[in-house]
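Please arrange chain Y on chain U, whose structure you already have, making use of the hints.
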Amino acid sequence: GQSLEQPSEVTAVEGAIVQINCTYQTSGFYGLSWYQQHDGGAPTFLSYNGLDGLEETGRFSSFLSRSDSYGYLLLQELQMKDSASYFCAVRGKRDDKIIFGKGTRLHILP
Amino acid sequence: DAGVTQSPTHLIKTRGQQVTLRCSPKSGHDTVSWYQQALGQGPQFIFQYYEEEERQRGNFPDRFSGHQFPNYSSELNVNALLLGDSALYLCASSLEGGDEQYFGPGTRLTVT
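As they're listed, the protein sequences go chains U and Y.
Okay, so the first sequence: first residue is 1 according to the working numbering, each after it adds one.
Okay, so the second sequence: first residue is 1 according to the working numbering, each after it adds one.
Isolated chain U (complex conformation):
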């Protein structure tokens, strides 16, 4: 089976840096994706790691290490608008099914 584990909540201060971890148990997958979802809104795609290493997109970076079954999303220069839930997701190679983690609620303090 496949499962993704994320912390349920993370709190950080405006302007700071925060890392949201995602550990997984899966028999094989194509890559690790990250999505942001504001309250009442739809998930929006943030980043994708098909290979190990760091991918950077503006203030957001994402990292994947297949050998450690681990990935993370790094948010820099936090803004109040970054308060949202963040989900990691994978698409399994064996069954092509898409699995989402339960999400990490990010709280940002002024």
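Hints may contain errors.
[Claimed, not checked] Calculated cross-link-like contacts (lysine-lysine; reagent style DSSO-like; alpha-carbon spacing at most 30 Å):
#: 1; chain 1: U; residue 1: Lys81; chain 2: U; residue 2: Lys102
#: 2; chain 1: Y; residue 1: Lys13; chain 2: U; residue 2: Lys81
#: 3; chain 1: Y; residue 1: Lys26; chain 2: Y; residue 2: Lys13
#: 4; chain 1: Y; residue 1: Lys26; chain 2: U; residue 2: Lys81
#: 5; chain 1: Y; residue 1: Lys13; chain 2: U; residue 2: Lys102
#: 6; chain 1: U; residue 1: Lys93; chain 2: Y; residue 2: Lys13
#: 7; chain 1: U; residue 1: Lys97; chain 2: Y; residue 2: Lys26
Rather than coming from a laboratory, the hints here were simulated on the basis of the structure.
Same frame as chain U, but now just chain Y:
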């Protein structure tokens, strides 16, 4: 360029009834996936459609069925509604084999 659209935005049904939700994918996308999201949870994969066929299916009963039309739009049908079917139903479109999904605003279904 229109993104993913879904209708209706909200729906209230009674237990035992049937419901049909609709989705139009982002222009240029040929694959549509449906998700159920309960409050405070991550999206749960229901199924995915490509070339008018169901390709993959999550752990949902046969009460959940779908369809994809030649223009790539899709419908999700749920029969014999249960109270536990109350959730946000999300449609996402992508290119075939792609991992970047574009989500619609969702349909909030309430079963009473």
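Please name the hints from earlier in the document that this structure breaks, with their numbers sorted from lowest to highest. Of the numbered hints given earlier, those the structure breaks are 2 and 6, listed in rising order.
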